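Protein chains: 2
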Amino acid sequence: MIKVILLGFGNVNSSLFNALCRSKEVSIIQVFNRNYIKVISPYESIPFIDDISKITDADVYIIGIPDDAISSFSESLSFKNKLVVHTSGGAAMNVLSSKNRRGVFYPLQTFSKQREVDFINIPICIEAENSKDLELLQSLGKLISKNVVEISSEKRAKLHLAAVFVNNFVNHLYEIGSDILKDENLPFELLKPLIAETASKIESLSPEEAQTGPAKRNDKKTIEKHLHLLANSTHKKLYELFTEQLNQKYGKKL
Amino acid sequence: MIKVILLGFGNVNSSLFNALCRSKEVSIIQVFNRNYIKVISPYESIPFIDDISKITDADVYIIGIPDDAISSFSESLSFKNKLVVHTSGGAAMNVLSSKNRRGVFYPLQTFSKQREVDFINIPICIEAENSKDLELLQSLGKLISKNVVEISSEKRAKLHLAAVFVNNFVNHLYEIGSDILKDENLPFELLKPLIAETASKIESLSPEEAQTGPAKRNDKKTIEKHLHLLANSTHKKLYELFTEQLNQKYGKKL
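Read top to bottom, the protein sequences are chains P and Z.
Heads up: the first sequence begins at 1 in our numbering, then just goes up one per residue.
Heads up: the second sequence begins at 255 in our numbering, then just goes up one per residue.
Because the hints were derived from the structure by calculation, they are not lab data.
Please read these numbers as outputs of a predicted model, since none were measured by experiment.
Just so you know, not all the hints are guaranteed correct.
As the list claims (entries may be wrong) - Where chain P lies over chain Z, by a calculated footprint (3+ residues, C-beta under 8 Å): (1) 265 to 276; (2) 332 to 340; (3) 366 to 378; (4) 426 to 437; (5) 472 to 481.
Claimed, not checked - Taking lysine-lysine and the DSS-like style, the derived pairs with C-alpha atoms no more than 25 Å apart in a straight line are: (6) P:Lys220 x Z:Lys367; (7) Z:Lys490 x P:Lys236; (8) P:Lys155 x Z:Lys475; (9) P:Lys182 x Z:Lys308; (10) Z:Lys386 x Z:Lys336; (11) P:Lys236 x Z:Lys470; (12) P:Lys216 x Z:Lys491; (13) P:Lys249 x Z:Lys490; (14) P:Lys249 x Z:Lys491; (15) P:Lys158 x Z:Lys336; (16) Z:Lys490 x P:Lys237; (17) P:Lys236 x Z:Lys491; (18) P:Lys132 x P:Lys3; (19) P:Lys155 x Z:Lys436; (20) Z:Lys367 x P:Lys249; (21) Z:Lys446 x P:Lys113; (22) P:Lys182 x Z:Lys400; (23) Z:Lys353 x Z:Lys308; (24) P:Lys225 x P:Lys236; (25) Z:Lys386 x P:Lys155; (26) Z:Lys470 x P:Lys158; (27) P:Lys142 x Z:Lys446; (28) P:Lys236 x Z:Lys308; (29) Z:Lys491 x P:Lys158.
In this text, a Cβ means the ideal position worked out from N, Cα and C, and glycines have one as well.
Extracted from the complex, chain P is given alone in its bound form:
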């Protein structure tokens, strides 16, 4: 049985909470959260606390709070020599206070409170200062995911950067698509099968093999028409930059 205390209850930790609660080999001892949140059954027996001095004993303490706050929060913990990990893609392991044994437990996924995700395929990127702690994080990760990987802070930073491109920026493109249709009173539903297939395609093809479209073909007539249709100047800027990059990449291969 691995005893876990969650520190913070934002998008990541509340998703972890749901996943860890389902494992019979994990006991969530406490959830510390400054803003009291009532948790729905069947997990209402787990104590939620908002007093940092009442944090008790556990095998691992998982911090899920904004990157900027990790350092000072970990310093403010009253205990020492325990395994304290954060869940951030962007923060290095050593932002944590050195008064405890440090580690990282980063589930590489996008979490929203409105949507529950299945952890089984989510890569859990772990890091620790010593091999015993790494083993514990490995065991904990394996209880919820089949993909637990050891990754250094340096490589994790790059992974997080790549994640911003394929998640936040991709989602912004969905929003632009939705905006363009809204102007024409067309439902966003029309684009959903295309969005789903675009994502599914790279399960079996590389992004390079999957690429199609006017910019790849350097179909100047369509590109000009599109630029003419784009009333929004920020959308236009993105269109131009993508087209330039796709042209540079595929132009010579035609």
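Using the hints, position chain Z against chain P.
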């Protein structure tokens, strides 16, 4: 029974071929293609021809060739007063020669020859000059998809523009993600669950509700760190433009 002749055998028409062949209410009479392609059984009984003068009689002729070539190709057909449609998102209906009855049969999806897609959820956008032809396209569309919609050339151009954002540009972001990981010898597989969830999320949330990340939060420290990590100047330009746009959009709401 609807008699169909396919003119051209690129990504769209070869996908349509596979879908239409499965319907018992469609008879594919011929496939015209300048480059002879051997088609695998069980459809090898359908004649493939490369002589334009040998095109025979059908209820609808479906042109699937590059946008630029549609006009002159449709003019070069020897028959008249037949229903001739193209499958392009970007070309207006009236690029087709007026010597035949004109229409559009545009399946809004990304097609690659290496990958077969299920048409059932694909929106088929139809347009025709007269109501009888529109009905026929509606019936044909319904044999392969549950979502057949009448859309004007003008609206279809916008739809195609939106499709470029959520498909071609999104795929380019996948490629950038892949490139960033390659530099670190990290497998692209790590990003696949995130890519899948990012696409799935907008089935139940709007892109605005689904948005997360440093640019939305205006997390300047992370943004600076990422810009520092980005060695590739074109990737950097995209990062800056997306961040600027996300900041403009969400900045005031924080």
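Where does the structure disagree with the numbered hints, that is, which hint numbers, in rising order?
-> As far as the earlier hints go, 1, 2, 9, 15, 25 and 28 are violated by this structure, in ascending order.
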